[in-house]
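Sequences listed follow chains Y and W, in order. Going by my numbering, the first sequence opens with residue 1, and the numbers climb by one from there. Going by my numbering, the second sequence opens with residue 1, and the numbers climb by one from there.
Do not take every clue at face value.
[What the hints assert, rightly or not] To spell it out: a stretch of chain W is covered by chain Y in this simulated footprint if at least three of its residues, at any positions, have a beta carbon under 8 Å from a beta carbon of chain Y; those stretches are: (1) 28-41; (2) 44-54; (3) 105-116.
No wet-lab data here; the hints were simulated from the structure. Every residue gets a Cβ at the ideal spot worked out from N, C-alpha and C, and that includes glycine.
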Amino acid sequence: GESVGLHLPTLSVQEGDNSIINCAYSNSASDYFIWYKQESGKGPQFIIDIRSNMDKRQGQRVTVLLNKTVKHLSLQIAATQPGDSAVYFCAENRGGKLIFGQGTELSVKP
Amino acid sequence: DAGVTQSPTHLIKTRGQQVTLRCSPKSGHDTVSWYQQALGQGPQFIFQYYEEEERQRGNFPDRFSGHQFPNYSSELNVNALLLGDSALYLCASSLIGDQHRGTGELFFGEGSRLTVL
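Chain Y extracted, bound-state conformation (with noise of 0.2 Å):
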């Protein structure tokens, strides 16, 4: 069925190097997409999102690229820092329904 999936389940990173999360997804029709960021005993938080007429789109210390030919995003963090420790999920909106998902563990080494 369609799906939204990353490539891996935990990413480790070195504290001040760049990180980039990808996620994959199903639906040829599907238009936007949204990254959060998951803290311990939190819920989402927006980090960026993205829709199918763009290829990158930037914030502050990430970035978002959307491959429509081989249906792929990848969320770049620039610099990364401990805090930036969590897990993040790509998620697929649908009219106001999201389609997450299952996740990367970013961990931050110092």
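Chain Y is already provided as a structure; the job is to place chain W on it using the hints.
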């Protein structure tokens, strides 16, 4: 400006019991959605309420029901609890206008952690 608030934060029930979880949306928001998040998984959409009616529903049995009140707050009810219902239940609020335009974000609460023994 209060964000999304949920209660209770933690609760323990036994199989067969019933539970009610509560959510107050972010100020100004009119739409409430509920999600179930099992340990180590992404949140799964349960249903969405707007104008006191269920507007969308995910793949959850009828044991899961909800309600939205005139002040936009919402309740999630689960009957005949099963061990598999143990999860973090998340409430998210938004504006229906933003939703229709495909803009704006959903704001999540901290969740209610339900343990079924």
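Within 8 Å of chain Y (C-beta), three or more residues of the stretch 44-54 of chain W: holds (count 3)
Apply the coverage criterion to the stretch 105-116 of chain W and chain Y: a residue qualifies when its Cβ sits closer than 8 Å to a Cβ of the chain, and three qualifying residues are needed. Check passed, 7 qualifying residues.
If you look at each residue in the stretch 28-41 of chain W, do at least three have a Cβ nearer than 8 Å to any Cβ of chain Y? n = 5 at 8 Å, threshold three: holds.
In this structure, none of the earlier numbered hints is contradicted; all agree with it.
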